[in-house]
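Asks: Heads up: the protein sequence lines correspond to chains A and B, in order.
At position 347 of the first sequence the residue is numbered 683 (the numbering used here), and the sequence of numbers has no breaks.
At position 230 of the second sequence the residue is numbered 566 (the numbering used here), and the sequence of numbers has no breaks.
Just to be clear, a hint being listed does not mean it is correct.
One copy or two, either will do: identical chains are not told apart, so a pair holds if it fits within one copy or between any two.
[Unchecked claim] In silico DSBU-like pairs for lysine-lysine, Cα to Cα no more than 35 Å straight-line:
id	residue 1	residue 2
1	K344	K592
2	K616	K571
3	K593	K691
4	K388	K704
5	K459	K389
6	K365	K596
No lab work stands behind these hints: they were computed from the structure.
Number of protein chains: 2
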Amino acid sequence: MELLKPVKLGILGMGTVASGLINIMEFNKNKVHETIQRELIVNKVLVNSLNKKRNINLPEEVYTTDAYEVINSDADIIVELIGGINPAYEYIKAALNNKKHVVTANKALLASHGEELQLLAEKNNVKLMYEASVGGGIPILNTIRDNLSANEFEYIFGIINGTTNYILTQMTENGLDYGQAVKEAQRLGFAEADPSSDVYGDDAAYKLSILSTLAFGQRIYVKDIPKEGITKISKEDIEYAKELGYNIKLLAAGIKKGNKIELSVHPAFIPASHPLSTVKNEFNAVFLKGNAVGELMFYGKGAGSLPTGSAVLADIMHIVRNADSLTFKNESKKRSVISNKGFKQYYINMEVIDKPGVLGSIASIFGKNNVSLASVVQRQKNGNDTVPLVFITHEAERKNIDAALEETKKFEFVTELDSIIIVENFK
Amino acid sequence: MELLKPVKLGILGMGTVASGLINIMEFNKNKVHETIQRELIVNKVLVNSLNKKRNINLPEEVYTTDAYEVINSDADIIVELIGGINPAYEYIKAALNNKKHVVTANKALLASHGEELQLLAEKNNVKLMYEASVGGGIPILNTIRDNLSANEFEYIFGIINGTTNYILTQMTENGLDYGQAVKEAQRLGFAEADPSSDVYGDDAAYKLSILSTLAFGQRIYVKDIPKEGITKISKEDIEYAKELGYNIKLLAAGIKKGNKIELSVHPAFIPASHPLSTVKNEFNAVFLKGNAVGELMFYGKGAGSLPTGSAVLADIMHIVRNADSLTFKNESKKRSVISNKGFKQYYINMEVIDKPGVLGSIASIFGKNNVSLASVVQRQKNGNDTVPLVFITHEAERKNIDAALEETKKFEFVTELDSIIIVENFK
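Kindly produce the complete structure, drawing on both the sequences and the hints.
Replies: In structure tokens, the structure reads:
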């Protein structure tokens, strides 16, 4: 691209994020021009239908239903915003082979083919940027690359799925049960009609794969990330969490432990005084520790038309200003990737028959398995034979917890095991 | 600088931040090399005394007591870490005129001479970088420039002075009074022997000047920022804040209001559920709103050897990778700068004689002045004729608050006005 010539964009898709991008380019036109000293022009836009009425200020002739009319146009940068693996994967490969820079927000595609696409970009001497794929408007990927590049990372904890965070916040603040909260999230557009990818942790695992690949400098695959979603979190768990001074959040965690990296997506008790506890509703945050900078948190909107559009536009501007690409993979380090097997504190909620000696029997089974109890809540329930017995353990190995729970099942007074949730103490 | 040749650094000063920088360059040597593909070499270091024993891994011959031996060496980048305006100002000018890039953490110098130094850097076609001058390790300035450059900013609220935040946190969490908390902060190295620059808000005003100059794209001078420090915050104010659901923080605020920018440094009540409320002790945070990205918060360590060294090293690496400089001034926008005169909620604490009708009389004086009360706390005090009367107003103009308070002084039952503190609702 020559200096001062306008930069031409080809956009694949015209959904929420693309319309946000076009709107920002319009209302912040002066700021953008001042920053990059170039004009941005939308050249061609792939849409599903030419007849749809759009509330977007673009001339009719930019629209096409043929992706290759965009990819083969004289655009300098192709912005892929259709999402999903196919056909986005073929489109991006074609664009890179056409020597066009690519900006994408496609987390599923990057998590599965990021390395290959990056090598293809390098081969063609063009850039592949994807800030918007993790954390929506939060500038986390480029910041890890640029401003934190003097750091080795010790851990990353992310609340990086807005849907589940909205659901858990509604359960916490308005006393909804899981089903009610999902409906409310769907009504407000924070959850899709089929929320599976969010509530079972897949979306968070895609994002953790990208985030941890950049932060730890080695390729982390989604298949190596164990996932536990939020579908089993009960109103009762939420209430006990509050009573014990915690909030329940869906955490995506990557922790460096010597030569290993421990990864997982799981619900966790977060201390109410921890900065991640104030991350509510559709907000996202990434809390990380660098070996030089110490603890940092980045907080903001994890989705939405304008926030995500802001991240896409920042990437476009980075390309124009000739910033470095993100580095998806780095072979210089190679630690083994392990699932979450470290010492953790656990919240356990079981149903027991209310009679003397029950707590003592259970506590001694746990003790025998090297698990000691940090706090216990036992409460009367009116009109029931059984009562909930809730406790938080000190740090223990999961296999010891499981062994103890197995033994307690043999007691006739233990009628049900309701929940086991990690209590995160950020160590 | 040619590709692959080592990059030579000349360092002015060998205090806390400089030793942090040298340490990070040592323990993260591989990561740094991998990122910039260049070796960083410390060429010359200005020190006060050649005889001092240093726990730093540098050869003896790099040290000099002559600043110009550093500035006139063949270093590519001069890192200024002596602080204060003189002689740092002369040294940086000389370095820029010598066509050397400059990295500095010097907030006082930038707040007073940033524009002039930036023009000098441009004239000499070198870079002036200063990420470490605001928020220590938090990558806020470069992020505003790079990743948020598609945004116009609506407001910036910062907790950007670690000393005062440490003092206020200790008062809140451990019930210390102001004097005790200052002593504790001094004992732990979070406050200097003379803490004036921190506790009266000067340090925060320097940083706000730099932060708001970058965010709002126009030069903001320290002299235009009204300051109120934390010296008058009492244990009682802290207790009422807690009781009413708030935390008291020293806020640096820049708010765009149409054609005006409202600036100030002042203590403020922050709702306990707001993310800024979890910023404790020596931590800093910047909470801002962009017109595209929405609300964002950046949280981390605002000072310290390694966090600040991490920011300095990031700037050095930016220069090597040929990133853009920060833009200290931008004449394209010119809004008038006003001090904090907008509609705000206020916390007011006064001492009154405990007799019937007092609250009613005071409330009606406020009402007459267009100030309505949002909440009132009146509590019995044992063994005293007077009782504290505490209330939070709805949004009101400060001049109306002052007029009402002036009138209430005429009542014989108002014996003292203890505090007026802004209640920040982030609108």
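Asks: Indicate, hint by hint, whether the structure satisfies it.
Replies: Each hint tested on the structure:
1. K344 <-> K592: Answer is between: at 32 Å across copies they meet the 35 Å cutoff, but 42 Å inside does not.
2. K616 <-> K571: For K616 and K571, the Cα distance is within 35 Å both inside one copy (17 Å) and across copies (30 Å).
3. K593 <-> K691: Close neither inside one copy (43 Å) nor across copies (65 Å); limit 35 Å.
4. K388 <-> K704: neither (67 Å within a copy, 57 Å between copies)
5. K459 <-> K389: So K459 and K389 fail the 35 Å test inside a copy (40 Å) and across (51 Å) alike.
6. K365 <-> K596: between (46 Å within a copy, 21 Å between copies)
Hints 3, 4, 5 from the earlier list are contradicted by this structure; the remaining hints agree with it.
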